[in-house]
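Dock chain L against chain A, hints included.
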Amino acid sequence: MKPKTIIEKIWESHKVHAEDGKPDLMYVDLQMVHEVTSPQAFEGLRLSGRKVRRPDLTFATMDHNVPTENRSSITDAVSKKQMETLTNNCNEFGVEIADLNSPNNGIVHIIGPELGLTQPGKIIVCGDSHTSTHGAFGALAFGIGTSEVEHTLATQTLWQSPPKTMEVRVNGRLNPGATAKDIILAVIAKHGVDFGTGHVLEYTGEAIRGLTMEERMTICNMSIEAGARAGLISPDQVTFDYLEGRRHVPEGEAFNRKVEEWQALATDEGAEYDAVVEIDSEEIEPMVTWGTNPSQGVGIHGTVPSPEDAETGAERKAIEQSLEYMDLEPGTKMTDIHIQHVFLGSCTNARISDLRAAAKIAEGRTVADGVRAMVVPGSQQVKMQAEEEGLDKIFKDAGFDWRQSGCSMCLSMNPDFVPEGERCASTSNRNFEGRQGKGARTHLVSPAMAAAAAIAGRFVDIRYLDEAVTN
Amino acid sequence: MEPIVTHTGNTAVLPRVNVDTDQIIPKQFLKRVERTGFGQFLFFDWRFLEDGSDNPDFELNQPQAEGATVLIADHNFGSGSSREHAPWALQDYGFRVIIAPSFADIFYSNCFKNGILPIRLDEEKVYRLMEKGKNQKYDVMVDLPNQKITDEQGFEETFEIDDYYKQMLINGWDEISITLQYEDKIDQFEKSMNV
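Chains as they are written, first to last, in the working numbering: chain A, 1 to 471; chain L, 1 to 195.
Please note: incorrect hints may appear among the correct ones.
Said to hold, decoys possible - Below, computed lysine-lysine pairings styled on DSBU-like, alpha-carbon distance capped at 30 Å: (1) K438(A) x K31(L); (2) K438(A) x K80(A); (3) K137(L) x K22(A); (4) K51(A) x K148(L); (5) K258(A) x K185(L); (6) K51(A) x K31(L).
Said to hold, decoys possible - Footprint (simulated), chain A over chain L, 3 or more residues, beta carbon under 8 Å: (7) 23-29; (8) 73-84; (9) 103-113; (10) 134-147; (11) 158-165; (12) 175-183.
Said to hold, decoys possible - Stretch by stretch, here's where chain L covers chain A in the computed footprint (C-beta under 8 Å, at least three residues): (13) 99-109; (14) 186-199; (15) 259-269; (16) 355-363; (17) 406-413; (18) 453-465.
No lab work stands behind these hints, which were simulated from the structure alone. Note that CB positions come from ideal geometry on N, CA and C, so glycine has one too.
The following block holds chain A by itself, in its conformation from the complex (with noise of 0.2 Å):
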């Protein structure tokens, strides 16, 4: 038999329908949803008459709107009206929700996992691009937009064309010091913004085969800031573990025959894909991005590039307008740039080791004078558990500001922002203009980055932190 990658296995087992000239009416398996892309979508079903089709497969929380810093008080009113319509949206079609009073409330992309809901081999969308997070455990996960949310509501499948399928290749081991994100930014910093259009990406090598499921969570996180569909990594004993005892993963006799299954699913030898990068990992450096999309970075000891260094009009341009928006002159060292503010948060970091990681930075020292710097946890769950070990309170010894979980500032729908003008060190995903808040200029590091950006009030290399602070 032909050997297989897991998105082409994922694919076959999931199609409803195939005709020519058709794309592929794909099963879906599970639906996340939240407030921002879903109250059209509801409001589409009852227009049209229709019920959503499998209530059990779908699961809503809130968390682009919930303020951190008391979630008992919405005091914007639209925010409110749209959390509101989505509880009532929830009771009306019977889809299970993780309301704010729920303790298993958090941003879709981390409650998924932790409630065990994302699983090898499934197909899960999600209103929302950073749906390729659940890719990590072996599953194809996807964003839509708010139509087929709708059509996924009232059917259980989406139409698609299949894939291209490309591998990236992380070889070697990681450096000291270099992290899951530090791996993400540099493989988009190398092949760009867009390399992975058209494609699901699957992540392979000795590097990533050493990640925890929650730094693979982090890699397939950002998938979509390269462009892909989706991105994923083959399951493996790591994913298995992660996945045992969690609430709706199967226990005993059925959760053996589960593993049998997934462990089946992961991408065969020899498999071809349609294409492959590589990227060494002794290249990878702690990253830090200067401009305004994810693979504008360098490592830590680079400098801002100059427009000359572009190999296209094109390229030259969107250098020239990074630059006037983040107001950084070509040249200028990354370790010369000054903070103002630091975000640990978001579904790209603010898992419990992404809190540990910050912490461990944070013990003992205090944030610099002027920078404003808080933490974010991903979910009320990843909240309680790192009060249990202590962490906030190393936090807040240090002058971190410990928040309620959310998606706060990654992209300020709620009342966390960066003021114009200013700059903020981030573990988010996207340093987009505006992103942060109007004229704010996000620069995309690891938690351990951005923990020291906010001891010594500029970006330092987090291997030498003590030597840069005394200096």
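For chain L alone, kept in the frame of chain A given last:
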């Protein structure tokens, strides 16, 4: 959905690469629970000055782009967030056709659900159109059944489009109604896979 068969309209030229959906419709306007009324917020941060007046430097505010229904854009248009508010805003503003060398996947798919025709054309051809429309009013004619773009000065190029999407736009289909014709197959699938 309003069908598109042929369309003639003035062009607006936006020669910027990687225009993301955060630029097309910034996050503060995503809180509405309706599908309508997003056009006033299209390209908000680029389009308006601090005091709310039009930014005269922004491409869509130039006199030659007035009343444009065809947007000529650059590589990787619509990247980033999956928000369908982006095509809703473009459509509500008046755009029915977007021509670019490449689009981000989710945005591309979202366009078809909202009566917008996204056309992928070689970079060199897109840049030729940009030159023509950059400094003056410039109309193009789009013929979807024949997959052709023309102008009055002899420009004529064909474009590729998936037949399924093409029929959807020409007929203004509601995709859910189509899918529900396959309900038996969905039932069967659920039974056989035990879901």
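Against the structure, the hints:
1. Restraint check: the Cα-Cα separation between K438(A) and K31(L) comes to about 17 Å, which is no more than 30 Å; the hinted pair holds.
2. In summary, the hint linking K438(A) to K80(A) is supported, as the alpha carbons are separated by about 22 Å, within the 30 Å threshold.
3. Restraint check: the Cα-Cα separation between K137(L) and K22(A) comes to about 38 Å, which exceeds 30 Å; the hinted pair is violated.
4. With a C-alpha separation of about 40 Å, the suggested pair K51(A) and K148(L) falls outside the 30 Å cut-off, and the hint is violated.
5. With a CA separation close to 25 Å, the supplied pair K258(A) and K185(L) stays within the 30 Å bound.
6. Between K51(A) and K31(L), the direct Cα distance comes to roughly 24 Å. Compliance with the 30 Å bound is thereby established for this hinted pair.
7. Given a C-beta distance limit of less than 8 Å, the hint that chain A covers the region 23-29 of chain L holds, as 4 residues qualify and 3 suffice.
8. Only when three residues or more bring their CB closer than 8 Å to a CB of chain A does the claim for the region 73-84 of chain L stand; here the count is 9, and the claim holds.
9. With 6 residues carrying a beta carbon less than 8 Å from a beta carbon of chain A, the region 103-113 of chain L meets the three-residue requirement, and the given coverage holds.
10. Counting residues of the region 134-147 of chain L whose CB lies closer than 8 Å to any CB of chain A gives 0, which falls below the minimum of 3, so the coverage claim is violated.
11. Under a criterion of three residues with beta carbons nearer than 8 Å to beta carbons of chain A, the stated coverage of the region 158-165 of chain L is upheld, 3 such residues being counted.
12. Look at the region 175-183 of chain L against chain A: 6 of its residues bring a Cβ nearer than 8 Å to a Cβ of that chain, three or more, so the hint holds.
13. Against chain L, the region 99-109 of chain A contributes 0 residues with a C-beta closer than 8 Å to a partner C-beta. That does not satisfy the three-residue criterion, and the hint is violated.
14. For the region 186-199 of chain A, the stated coverage by chain L holds: 4 residues have a C-beta nearer than 8 Å to a C-beta of that chain, and at least 3 were required.
15. For the region 259-269 of chain A, the assignment as covered by chain L is violated, since 0 residues bring a beta-carbon within under 8 Å of that chain's beta-carbons and 3 are needed.
16. With a cut-off of 8 Å between beta carbons, the region 355-363 of chain A has 0 residues touching chain L; three or more are needed, and the interface restraint is violated.
17. Check result for the region 406-413 of chain A against chain L: holds, 3 residues qualifying (beta carbon to beta carbon below 8 Å, three or more required).
18. By the rule of at least three residues with a Cβ nearer than 8 Å to a Cβ of chain L, the coverage given for the region 453-465 of chain A is violated, with 0 such residues.
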